[in-house]
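Q: Please construct the entire structure, taking both the sequences and the accompanying hints into account.
Chains as they are written, first to last, in the working numbering: chain A, 1 to 477; chain B, 1 to 477; chain C, 1 to 477; chain D, 1 to 477.
Because the hints were derived from the structure by calculation, they are not lab data.
No residue lacks a Cβ here, since even glycine has one placed at the ideal position from N, Cα and C.
It is possible that part of the hints are untrue.
To be verified - Result set (EDC-like, lysine to aspartate or glutamate): computed pairs, CA atoms no more than 16 Å apart in a straight line: (1) C/Lys108 <-> B/Glu399; (2) A/Lys406 <-> A/Glu426; (3) B/Lys283 <-> D/Glu412; (4) B/Lys428 <-> B/Glu392; (5) D/Lys283 <-> B/Glu412; (6) A/Lys394 <-> A/Asp435.
Unchecked claim - One-sided excerpt, in silico: chain B residues whose CB lies under 10 Å from chain A: (7) Leu31; (8) Ile35; (9) Ile39; (10) Gly112; (11) Thr290; (12) Lys310; (13) Ala316; (14) Leu321; (15) Ile342.
There are 4 protein chains.
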Amino acid sequence: MNTPKHTPSASQEKSANPLWGGRFQGNSAPLLQQINASIDVDNRLFEEDIDGSKAHAAMLADAGIISRADAAAIAAGLETVRGELQRGELPFRVELEDIHMHIETRLKELIGDAGGRLHTGRSRNDQVVTDFRLWLRRALDGLDGDIRGLALALMGQAKRHSETILPGFTHLQPAQPVTFGHHLLAYENMLRRDRGRFRDCRERLNESPLGAAALAGTTYPINRQQTANALGFRAPMENSLDAVSSRDFALEFLSSAAILGIHLSRLAEELVLWTSPAFGFVKLSDAYTTGSSIMPNKKNPDAAELVRGKAASLLAAFQHLGGILKSLPLAYAKDLQDDKAIVFSAVDTVSLLLRAMTGMITDMTAQPEAMRRACAAGFLLATDLADWCVQELKLPFREAHHIAAKAVAICEARGSVDLDTLTESELKSLHPLLDTRVLPLLTLEQAVHRRISYGGTAPSQVMAALERAETFWQEAV
Amino acid sequence: MNTPKHTPSASQEKSANPLWGGRFQGNSAPLLQQINASIDVDNRLFEEDIDGSKAHAAMLADAGIISRADAAAIAAGLETVRGELQRGELPFRVELEDIHMHIETRLKELIGDAGGRLHTGRSRNDQVVTDFRLWLRRALDGLDGDIRGLALALMGQAKRHSETILPGFTHLQPAQPVTFGHHLLAYENMLRRDRGRFRDCRERLNESPLGAAALAGTTYPINRQQTANALGFRAPMENSLDAVSSRDFALEFLSSAAILGIHLSRLAEELVLWTSPAFGFVKLSDAYTTGSSIMPNKKNPDAAELVRGKAASLLAAFQHLGGILKSLPLAYAKDLQDDKAIVFSAVDTVSLLLRAMTGMITDMTAQPEAMRRACAAGFLLATDLADWCVQELKLPFREAHHIAAKAVAICEARGSVDLDTLTESELKSLHPLLDTRVLPLLTLEQAVHRRISYGGTAPSQVMAALERAETFWQEAV
Amino acid sequence: MNTPKHTPSASQEKSANPLWGGRFQGNSAPLLQQINASIDVDNRLFEEDIDGSKAHAAMLADAGIISRADAAAIAAGLETVRGELQRGELPFRVELEDIHMHIETRLKELIGDAGGRLHTGRSRNDQVVTDFRLWLRRALDGLDGDIRGLALALMGQAKRHSETILPGFTHLQPAQPVTFGHHLLAYENMLRRDRGRFRDCRERLNESPLGAAALAGTTYPINRQQTANALGFRAPMENSLDAVSSRDFALEFLSSAAILGIHLSRLAEELVLWTSPAFGFVKLSDAYTTGSSIMPNKKNPDAAELVRGKAASLLAAFQHLGGILKSLPLAYAKDLQDDKAIVFSAVDTVSLLLRAMTGMITDMTAQPEAMRRACAAGFLLATDLADWCVQELKLPFREAHHIAAKAVAICEARGSVDLDTLTESELKSLHPLLDTRVLPLLTLEQAVHRRISYGGTAPSQVMAALERAETFWQEAV
Amino acid sequence: MNTPKHTPSASQEKSANPLWGGRFQGNSAPLLQQINASIDVDNRLFEEDIDGSKAHAAMLADAGIISRADAAAIAAGLETVRGELQRGELPFRVELEDIHMHIETRLKELIGDAGGRLHTGRSRNDQVVTDFRLWLRRALDGLDGDIRGLALALMGQAKRHSETILPGFTHLQPAQPVTFGHHLLAYENMLRRDRGRFRDCRERLNESPLGAAALAGTTYPINRQQTANALGFRAPMENSLDAVSSRDFALEFLSSAAILGIHLSRLAEELVLWTSPAFGFVKLSDAYTTGSSIMPNKKNPDAAELVRGKAASLLAAFQHLGGILKSLPLAYAKDLQDDKAIVFSAVDTVSLLLRAMTGMITDMTAQPEAMRRACAAGFLLATDLADWCVQELKLPFREAHHIAAKAVAICEARGSVDLDTLTESELKSLHPLLDTRVLPLLTLEQAVHRRISYGGTAPSQVMAALERAETFWQEAV
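A: Structure below.
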């Protein structure tokens with residue numbers, strides 16, 4: 001049912017693996033080759049692999065383990081291979097399994113015996129996980145910029161709409177009026193924590209496994225501090241078994257990505273709602289919507305739906321790697337092979353979702369009239385009536401709440417949607433002390449402008465929040 | 001961070017989508033194209049798409065909706081496109097988004113206006129899900145054979161080892177002796193149910209969505225029974241909204257696949273244990289093991305580990321699609337776009353795991369001596385001693401259990417591992433009625449040969465089970 | 001941090017476990033007791049445990065393994081215990097760990113030595129999983145009724161609203177008009193398949209593990225067919241290791257429950273949307289809504305939100321048990337202990353969600369005016385215009401689609417929302433053959449009444465579907 | 001099928017909810033009460049709820065919103081309620097739904113009208129999430145101690161076994177000898193990062209939502225900095241919508257818990273392996289093992305299995321809450337109600353698993369002879385032979401690897417398991433420069449003592465690592 005992407009070459013079918021086949025009589029089943037080969041995935045590690053090998057070779061020479069001449073040949077050879085890979089000139093062969101073998105094999109072709117000395121004092125186990133950490137570290141730096149891009153887009157719209165009023169919802173029922181800028185900044189706040197999680201993850205993973213060798217360390221007088229420094233790691237990992245066995249750094253990334261994905265999915269859900277004519281709060285640009293093959297009237301928020309849908313893949317990715325790791329004894333086991341495919345795909349997805357959302361937010365046009373119309377439903381000012389009863393009439397909150405509820409019922413009964421249509425006698429019937437003094441407060445503007453508690457929805461609070469946000473994201477660069 | 005696999009063509013950047021772009025002024029963002037294009041995935045549907053379109057066109061002609069000449073042109077044109085696709089001659093272009101657009105566009109190039117009539121009375125929504133069901137139906141037929149292959153491999157080894165004794169474990173502690181054939185047939189029994197689940201899934205999904213159109217049915221006098229019959233569906237689906245919105249058929253497949261994956265993972269775990277020198281119960285062939293780049297002594301059960309690891313992807317796949325669907329209102333939403341990628345990948349994985357496991361089981365060599373040595377640990381015959389006390393001495397089971405436990409303690413105290421070394425006086429000290437008559441029963445052979453309860457581990461039961469299994473899997477073809 | 005619900009009794013702290021403690025010197029850590037005790041969960045199995053034990057005892061007597069007198073005493077004693085448990089008179093003690101030990105201990109108190117003979121020829125392993133299968137079988141029968149209840153509620157509303165028109169949505173954008181009855185029956189169709197999955201699960205799990213003993217069968221001449229028959233099982237399971245090790249029956253239930261939960265969550269999402277004033281399509285009764293402590297104006301669709309939220313627990317439950325099982329070697333391992341808590345909780349949740357949804361659907365009041373108002377947005381009749389161009393003017397569908405799209409643009413440009421306001425000259429500008437003949441078709445009633453393809457949204461199709469549904473669910477009893 | 005734990009009281013069935021029922025005519029369905037009531041879960045928040053309310057009341061008085069007298073009465077009344085709750089004297093009633101309502105209702109009984117003023121300027125939404133954050137913050141402090149406990153237990157055993165040699169495994173195949181202390185410290189290293197994640201989570205969640213009110217802030221002149229300070233929060237949250245809508249703090253805890261659970265599950269898997277007679281590396285104490293009801297010979301590592309099994313619940317918990325949140329629009333929705341049950345249960349589980357593992361590790365007895373015997377299998381010293389060829393003979397690593405592989409094959413062929421049995425001529429046949437000088441290095445002691453690279457397995461490295469660990473965990477208090 002499956003077609004392997006690379007056909008095993010003829011030579012491979014006749015001989016055992018050049019790397020480890022020393023005492024094997026038979027050959028690998030084509031199926032095992034197919035299941036085992038990771039070159040389609042791990043070729044993305046080539047820069048990191050070459051960086052790691054160069055650092056390792058330089059250290060081996062400094063420690064007197066290989067000659068300076070060999071180290072120089074290795075460094076030069078690796079740069080040649082790097083160029084070939086960057087230009088797509090090195091063909092991938094399934095029998096060479098992974099990018100590490102491709103690079104090493106090509107290096108030996110280029111520089112001969114010296115190439116065979118590169119692998120001294122390290123193993124595939126520490127080599128691969130070193131590359132993986134380097135790759136993820138760089139990916140996190142890229143995502144940091146993507147997050148910032150979305151935060152800035154949200155802030156741009158928030159500035160534009162610090163006074164634009166729409167219903168704030170709980171349970172998707174209109175609850176109290178809020179400003180659109182305030183609503184958008186809620187997501188900017190979430191992104192700060194998302195960025196914090198990625199940064200904590202980056203800090204925690206930034207330790208060097210290189211030199212852990214297969215699992216136990218090595219008898220060569222290697223200098224792990226040196227390679228750690230050369231590769232920008234904070235320090236060498238302290239335990240060789242831990243270094244080759246643990247993947248919590250990948251799990252931590254995936255869980256942080258899943259949480260970010262949830263935030264994006266919530267915003268995407270709101271975009272889907274807001275662009276539905278039922279709400280009509282927002283128009284997305286043509287660049288982020290599509291039409292229908294059968295219904296010429298449609299303008300679909302595809303990009304928002306794809307963000308919402310793909311967020312599910314991030315939750316599943318954490319589950320996937322977690323399921324792989326859950327019952328594995330130390331140290332390395334082949335089950336781990338899929339760790340990179342999972343993380344690579346998650347990084348791609350996170351970046352894609354962030355950039356798609358940034359595009360949508362940047363391009364979207366708020367529809368203040370539709371927002372305002374929606375405020376007519378739901379008696380959004382009932383809380384303000386209740387609060388006034390507490391503040392001016394000194395009624396206990398619970399009693400004030402009952403008064404406001406009855407006021408809503410009176411208006412509903414006569415088909416009105418506005419509390420400021422209450423008459424003097426209706427007000428009196430609710431409470432003897434209640435009178436028309438309250439009515440001027442029962443406007444949307446009053447409602448939002450008076451919510452000036454710290455972090456509240458008042459335009460003045462939104463502007464203050466924007467100032468704080470600008471400081472935060474400036475420092476974030 | 002992401003490189004799109006296809007660069008949008010220049011023409012696309014200047015014009016709106018040919019399919020639905022009628023009233024769109026702007027162009028799609030390259031990012032949306034990237035996120036939206038599914039041709040890399042759904043090109044696997046081309047056979048089904050052509051089959052479905054041919055059935056639809058024939059029905060349209062029979063119903064008088066299009067002319068016979070148009071239908072004939074469409075059918076011929078579609079076969080031309082099929083050939084081009086089979087030979088890889090039709091280049092994929094990201095601006096044509098998906099396989100359906102590629103086929104339709106090419107058809108129009110080939111046959112002109114008639115091609116534009118093919119889409120009458122159907123929509124992309126019902127077309128895609130029809131293709132998807134057809135594809136999964138065929139995939140399930142393929143997997144049925146893969147499952148059978150593994151069952152036969154297990155049965156082959158079980159026949160060879162109906163009398164081979166190894167410890168049966170609970171809690172990974174030796175519990176009672178079992179026959180290796182019996183142990184392997186436990187998995188054959190699981191596969192029967194796995195196959196049953198796939199067949200139930202196939203039966204339930206085998207209904208035709210074609211003709212549901214976008215979501216509401218159509219005003220054309222189409223004949224849904226006819227297209228359902230032509231495509232081998234049991235019947236047309238009864239509700240057009242359900243037809244385009246539901247994906248429970250995909251979820252059911254994924255959950256059945258995940259359960260099968262768990263069974264394979266359990267067997268893989270056992271292979272990893274059994275090939276560890278600590279157990280040494282089994283040798284895998286060189287075809288399914290690999291060596292180490294640093295440790296020349298290694299022979300690693302990679303294929304088993306990969307099966308165990310990849311089983312986690314199936315659990316995650318169910319979660320992924322479930323997460324996409326959980327809160328979607330009817331009818332179609334773009335979130336669903338990833339449904340096919342998830343299912344295609346799961347089908348590939350299931351097939352790969354089944355075939356890898358079949359290879360390992362077929363090739364493996366049991367090591368009866370190592371199995372027997374392992375029986376020396378753990379006092380496997382203690383249950384038999386207790387049972388004898390019940391059967392011959394008529395003691396209550398609980399009392400007999402305590403006697404056997406004390407017998408174990410006596411042997412342990414003097415460093416023996418065999419209960420049949422108990423002396424007459426030791427036996428008497430356990431219970432006055434106990435004597436050496438019991439000792440001949442305390443051998444491994446007696447223990448397994450006497451467990452003749454239906455489905456028990458006795459060789460006679462294994463052979464009877466094999467006969468039933470052969471009948472079962474013969475009928476399964 | 002955790003308070004055990006039961007304090008270990010003093011006696012327990014001084015002695016080893018009465019059941020298996022024969023050769024143990026030390027005592028269990030209180031922590032292990034806490035982690036190990038399952039009585040809080042498995043007391044729900046008491047009826048099944050007693051049924052299973054009675055069947056086992058009767059068989060033991062028929063097979064001559066215990067005396068008829070003992071069997072009679074056991075049966076009578078068990079009925080006494082059953083009564084005590086039904087009346088809540090048997091206190092639970094954490095040192096007796098589980099319900100099986102409680103029943104057996106109490107039985108021995110009541111009938112003495114004979115009670116000790118009950119456990120002959122079986123083990124805790126086969127006993128527990130027998131009880132579990134019996135319990136789940138009964139639970140599935142209960143859920144079958146719950147599903148039917150919801151289907152009938154949907155059908156009741158569908159009958160009432162076979163002609164009520166609302167927008168059908170794709171991408172939450174109005175697409176084409178549909179009838180509310182048709183929309184509700186989409187869920188009725190999903191429920192049919194949900195019920196089918198539960199029934200398939202019931203059929204597949206309905207095999208008896210009893211007599212598999214610990215893992216290998218037994219040397220006693222037991223009759224597994226007899227106990228299987230007595231307990232209503234289709235047959236004894238064929239492999240003793242499989243019988244005690246497999247939990248795919250629980251996984252299959254959980255996945256079917258998760259899929260059902262997704263269907264309910266989708267309907268719940270729609271109820272949340274529909275009750276939002278933005279849509280206003282439906283009013284829920286006070287019985288299924290709540291107010292707000294601070295906002296007297298709120299009427300929140302809490303029950304719908306809880307259904308939607310709790311559906312996530314079912315997806316997680318499958319993941320949970322799957323994660324437990326994934327890498328377990330045969331046969332029993334203690335990891336499996338949580339299987340029952342997971343399934344019990346899922347059964348409770350499924351039943352609760354079904355009944356809550358049934359209540360909401362039964363009580364809800366559709367708001368046809370609001371539905372109709374919503375049809376004004378979105379040019380729902382554009383497809384009908386395009387279809388007419390195909391059917392009457394014989395234009396290719398793609399060209400007709402472009403015409404309809406332009407018609408929408410013309411109306412939008414002059415602020416109209418209705419295609420039947422197109423003037424003769426506007427129509428001509430779209431296509432020379434187009435004229436006002438088309439306008440009478442461009443009404444909502446025409447649109448739905450003309451969609452009479454099988455399974456389409458026309459009222460006539462809804463009534464036909466209701467007839468089929470009534471037949472289906474009558475037979476389902 | 002479900003029995004509600006509390007029967008709705010008669011009074012409740014006759015009247016609407018006292019808190020929000022002002023404009024509701026009908027009553028809640030018993031089912032909604034059942035689904036809605038959370039008192040069984042959230043009663044665990046009572047201390048935090050009272051702390052939060054006291055801080056809020058004090059602030060209200062300082063801000064002049066309520067009188068000092070009222071604030072004093074509230075504070076005194078709340079302490080009375082606290083005492084009643086601590087002593088279990090306040091009966092829970094399902095119609096009061098949650099702990100917040102119970103406390104408020106009781107407070108009003110105790111102090112009258114003043115109690116009704118407590119809820120001024122806050123809402124249930126900000127109140128609940130404030131309590132939740134306070135609770136989780138305290139729980140994290142408790143878990144910090146539990147983690148430290150396990151780290152110290154591991155270090156204790158590591159100190160004892162810095163020189164004890166066992167095979168290090170990859171792929172569960174013996175790879176190279178390692179010291180047991182080194183192996184255990186791998187887990188100690190993982191725990192450092194687990195603790196780091198919990199601390200980062202604690203830091204990030206330590207912001208105050210109090211004063212966000214329902215969603216928009218409030219018109220009362222509240223002082224959010226004051227309440228934040230009083231409750232030990234770093235600062236008030238900056239956006240009121242974010243404050244009541246976000247649950248990433250709970251997700252971050254759950255994911256960190258899941259990762260920790262994976263580490264514990266891996267260690268538990270090793271304990272299960274090590275206590276199996278096949279390995280026999282470790283004996284667990286009777287306190288953490290159990291016997292079998294049918295097999296008197298068994299000593300099962302139940303506690304380890306339960307740790308391994310329950311780790312799956314933590315992965316599922318993240319999935320569960322993630323699934324709830326994924327598509328929720330702002331602000332609060334009832335779906336979130338289950339957030340606390342999920343987190344409470346996860347905290348209990350993490351604590352239980354940590355303490356169970358601490359008990360097992362503390363009590364376990366390593367079996368150095370069994371470990372050493374296991375080193376005989378697998379040619380653990382082949383790497384050392386290869387390394388010597390590189391270091392002394394200056395051969396390229398890859399050539400040395402082939403020599404070592406052939407040496408293994410020679411020994412295997414004559415049934416030997418030790419490389420130091422190679423004869424001079426055998427050595428010469430492998431490479432002309434190879435001779436018996438290498439043999440003294442081919443012992444287990446040499447192998448481990450020479451692996452002195454930083455973080456390697458040499459006893460000297462283990463002792464150095466222990467010193468670092470002691471410093472680390474001392475500072476951790």
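Q: Taking the hints in turn, state whether each one holds.
A: So, going through the hints one by one against the coordinates:
no. : hint                  : verdict
1   : C/Lys108 <-> B/Glu399 : holds, 13 Å
2   : A/Lys406 <-> A/Glu426 : holds, 10 Å
3   : B/Lys283 <-> D/Glu412 : holds, 15 Å
4   : B/Lys428 <-> B/Glu392 : holds, 15 Å
5   : D/Lys283 <-> B/Glu412 : holds, 15 Å
6   : A/Lys394 <-> A/Asp435 : holds, 14 Å
7   : Leu31                 : holds, 5 Å
8   : Ile35                 : holds, 5 Å
9   : Ile39                 : violated, 15 Å
10  : Gly112                : violated, 19 Å
11  : Thr290                : holds, 6 Å
12  : Lys310                : holds, 7 Å
13  : Ala316                : holds, 4 Å
14  : Leu321                : holds, 8 Å
15  : Ile342                : holds, 9 Å
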